[in-house]
Structures are given as C-alpha cells and as structure tokens.
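Number of protein chains: 2
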Amino acid sequence: MVEIPKSHPRRNSLLSRKMIVEATKKGLLADSAMIAHGRGEAFDYLLGEKTSNSARLAIKESAARLVSSKNPVISINGNTAVLAGKSLIRVAAVLNCPIEINIYYRTDERINNIYSLLEEEKKILCQENAPKNWKGDWKSAIMSVEILGKENDGRIDGLEGPRSICSANGIQKADVILVPLEDGDRCEALVSLGKQVLVVDLNPLSRTAKMATVTIVDEISRAAKLILEEVIENDLRPTEWNNDEILIQALEVIANNVKA
Amino acid sequence: MVEIPKSHPRRNSLLSRKMIVEATKKGLLADSAMIAHGRGEAFDYLLGEKTSNSARLAIKESAARLVSSKNPVISINGNTAVLAGKSLIRVAAVLNCPIEINIYYRTDERINNIYSLLEEEKKILCQENAPKNWKGDWKSAIMSVEILGKENDGRIDGLEGPRSICSANGIQKADVILVPLEDGDRCEALVSLGKQVLVVDLNPLSRTAKMATVTIVDEISRAAKLILEEVIENDLRPTEWNNDEILIQALEVIANNVKA
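Note that the protein sequences, when read in sequence, are chains A and B.
Using the working numbering, the letters of the first sequence map in sequence onto residues 1 to 260.
Using the working numbering, the letters of the second sequence map in sequence onto residues 1 to 260.
Source of the hints: derived by calculation from the structure; they are not laboratory data.
Every value quoted in this text rests on a predicted model; they were computed, and no experiment measured them.
Incorrect hints may appear among the rest.
If several chains are the same, the list does not tell them apart, and a pair holds so long as it fits within one copy or across any two.
As the list claims (entries may be wrong) - The calculated lysine-lysine pairs, modelled on BS3-like cross-linking and capped at a C-alpha distance of 27 Å, are:
{"no.": "1", "residue 1": "Lys210", "residue 2": "Lys6"}
{"no.": "2", "residue 1": "Lys18", "residue 2": "Lys259"}
{"no.": "3", "residue 1": "Lys132", "residue 2": "Lys50"}
{"no.": "4", "residue 1": "Lys123", "residue 2": "Lys26"}
{"no.": "5", "residue 1": "Lys50", "residue 2": "Lys210"}
{"no.": "6", "residue 1": "Lys50", "residue 2": "Lys259"}
{"no.": "7", "residue 1": "Lys18", "residue 2": "Lys210"}
{"no.": "8", "residue 1": "Lys123", "residue 2": "Lys139"}
{"no.": "9", "residue 1": "Lys70", "residue 2": "Lys225"}
{"no.": "10", "residue 1": "Lys6", "residue 2": "Lys70"}
Bound-form chain A, shown alone (with noise of 0.2 Å):
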C-alpha cells in the first residue's frame, strides 16, 4: 500500500485501514475482519470520523464504572488488539486488571498470535514514560497486566460450542467487562450473568449496541485514548444510566450528518 502523506484529512482512517490489511496476511484475524473494519469505516464516517458529545458521555461513565469494578476485565479480540491493543493494556495497568483474549472464530493459533502481539507491546510500552497525571512504577503496571485468553478454563453460561469458551480468572469472575467489537449473543448472555457490559461499537443499530450495560459509539482507537484519560481521573462514579437515551443521539448525530 502507498504512503499516506500526513495532510491527508482522513490519514487516521487510512492508516487503521493498513494496520488490518497487515495484520491480516499476518494471520492475526479471521478472514471476515475485514469486511468488519470494513462496516465500521462507513458508520465512522457517517459520524464525521470523530468523538461525539454523546460518547464522551458513554466514555466518562464506563471509565466509572471500571474504576468502581471489584473484578474488571478487559476482552480484547483481534481488530482490538490490532488498532487499540497498546491503550488498552496502558487502561489496564492504571486499573490493574487482566485483558482476555476472547475471539469470535477462535484457533488456538489466531489466540497465540494476538498473544504474542500483546507481549511485545507490553515490551515496548515497558520503556515509556507514566502517562500525565499518573503517579506510580509505569513499568511495574505495565508487566503485572495479565494476558489471559489461552487458558480455556471457564466458560459463559448461556452460549454452546466454543463461544462459550473465556478464562476462569478473566471473563467468568468478572463483574464488569469492557468489551470492544462484540457480537450480539455474546454480549446479550453477558449481560444475563448479571454483569456490566461495556462496550465500544460504532453501530448504534446493532444488537450489541442495544444490548449492553453502556455502548461507546466511537471508533475504538480513538476511544481508547478517552478511556484512559478518564480512568486516570478516577475520581468517577457511576450514575442512573439510560442507554437507549445515548443510543438515540449517536443516530441522532448520523441523521445530521447525511442530512441534505
């Protein structure tokens, strides 16, 4: 693929577009990611590529809700891992908590492959400096963060065959889950186990977003920047949330932008 001259106004589309393409003939995603980053590049652009007021909100309270979590994961699959996996091992850190490699077509090899690639970020993430506002061993929180996912050991009632499949340590004991790019069953058994659903879908339509706890309708690189701003704040609490509201103006903000 060629270069993307820096003036470009939509390089940060662009450039996710190449990560994916990469990562893809590097066998980390199945074959249907692309058609997925795909769907979410055309919603992006009916939301003008950018964070709405709207999900700034749904940022701010899932950040509260992680940071008032007993037990928070973060589940990453592979385009997450792809586009937004080092921000969101930095959001673990600060929080202190596991990320599960949970994938929708799961071969043990794909798992292993997103596996490593997160190691060699946590490597790489290791000789940083703490991000502003946070005080503490950056390096230290950096190494402590967990990779699950390869374990296999627990499972999500609810669904059959190797859907089901999650880590006893991760996804099964948590009370809180933010999951980027999930598919609607997994997210709407979830959501029966009582737990917290956070998740980050650029379709407000979609049944994920319909189902959870609190949907970020925003493109995840981007919101994952947000989210760690926000958890570093930490001064957060959860509020009465209305989701259905936050989904109305995310379409709300779509209309405005193919309005003629």
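Since chain A is already given, all that's left is putting chain B on it; use the hints.
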C-alpha cells in the same frame, strides 16, 4: 463459514459476504476488497437492504442511456465480477456491448483470474433460457459478449500511472459507461472526457456518487438484475436528469432509517 439458513432475514447480505471471502482466497480480489465490501454492507444496512424508489428511478435512467448509447461499455472490477458478473454479462448480451475488466490495483494475475471467471460464466449462461420478454438467440448473444481489459491499448486522459490504462475498444471508445463501484478520481476523469458515467455506489456521500452522471445508490447484485429488466423493456428515453436530487433522496432514506 457455516451454512446460512434459508429463513435468515439477512441471508442475501451474508451470502454476498461469503462470496467475497471465498473470491479473496481464490486471488480474484485485492487486499482491501473485503474492507470495501464491509463499507458497502454498512451503507446497505442503513438503506434497509432493499432498492429504494429513487434508486429504481436511477436504474431506469441508466437503462435508457445504455439503450440509446452508440458505444456502451460495462466496466467491471473484482467485487462487481464476483457479486454481479452473471447479471452484467446478461445486460451486455442484451445491449450487444463489451465488458471491460478494469481494476483499481491492477495486476495481470488478477485481471486474468477475473477474465477466466467471466468466460466460465458465459459458458454457464449459454445453457439457460433467454430472459423473459427478450427475443433472439440467447446462446449466440451471450457468446458474442467480448471480455476486454487484457489489451492495455487505451488510455484515460487525465489520469497517471496504471490507473490510466484501459481498452481502446472499451472505455476509451465508449460514450456511455456503466461502472459499478468506481473510484472518485477515475469517475471524475471519465466525466471530464465528456462520457456519460453511470455508477452504482452504496455511499451517496462518496466523491464517485457526486461526480457521476447518474448514480444508482443500491447494492450491485440487486441493481444489476433490475438493470437487466429495464434494458429488455427497451422503450425508455433519457430524461433531463438531476443527479443531486437523487442523492438527496438516497440520504433521506438513510436519515429515515436511523430516525429513533
């Protein structure tokens, strides 16, 4: 990929996705073809996955212009060949015009693969009955559809590099071009040459959609079947066409579908 139940409400969309994934594995499509397909899926979802009244008008107008044309050509890229190759060969048979393979990331290998696919499909189409209301020798009409695109003997003035290559007897000579899923630069160059450019594009905000003479905002496999019906009708005359108005109507369909 798993079998898609006949009763699935989004069966056609899932079947198309499967065709694109399989064609990618066979080397018919560029890396980013699946991403482009995903973008299309999202827009089609927002259009309700059906042909709108305004798209139907654009299909009628396009058919009228193809029928009235002196030298029509149908330009086909990889995704179009996979999703609507058969229907467009039928359209070319009715119009007695060539098809030109013209792909964005041009490689001889992919042009040859698409060529083989279309020649195979011609052999299959020879065996079928002529379409309803069409009179003549169907087998001979199908077999006389010339598949251009390997020659490299024409140029699109105003473009640089591989994207300027076309066939002298196809796009270069044509007065009317039906070109589904075209990129913005090439659409603009073709319009600048005084050609009528009829596009099929699910994104009514794209540069291609805005540049074209007539924009059919519809999914290519649905649109191609309807174009076939209309060119067989054959009693159409081109009108004074307001393409901006048709794009506004497409945007209104999306806006209504996202209305909360």
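Against the structure, the hints:
Taking the shortest Cα distances, Lys210 and Lys6 sit within 27 Å of each other only across copies (26 Å), while inside one copy they are farther apart (37 Å). Proximity of Lys18 and Lys259 under a CA criterion of 27 Å is satisfied in neither setting, with 30 Å inside one chain copy and 33 Å between copies. With identical chains, the CA atoms of Lys132 and Lys50 are at most 27 Å apart within one copy only, with a shortest distance of 23 Å there and 50 Å across copies. In this assembly of identical chains, Lys123 and Lys26 lie within 27 Å of each other by CA distance solely inside one copy; the values are 20 Å within and 38 Å between copies.
When the C-alpha separation of Lys50 and Lys210 is checked against a cutoff of 27 Å, the pair qualifies both within a copy, at 21 Å, and between copies, at 23 Å. Within a single copy, Lys50 and Lys259 get their C-alpha atoms as close as 17 Å, and across copies as close as 20 Å, so both meet the 27 Å cut-off. For the homomeric pair Lys18 and Lys210, the shortest alpha-carbon distance between copies (26 Å) is at most 27 Å, but the shortest distance inside one copy (30 Å) is not. Taking identical chains as interchangeable, the C-alpha atoms of Lys123 and Lys139 lie at most 27 Å apart only when both belong to the same chain, with a minimum of 9 Å there against 65 Å between chains.
Only within a single protomer do Lys70 and Lys225 lie at most 27 Å apart by alpha-carbon distance; the minimum there is 23 Å, versus 57 Å between protomers. Proximity of Lys6 and Lys70 under a CA criterion of 27 Å is satisfied in neither setting, with 43 Å inside one chain copy and 45 Å between copies.
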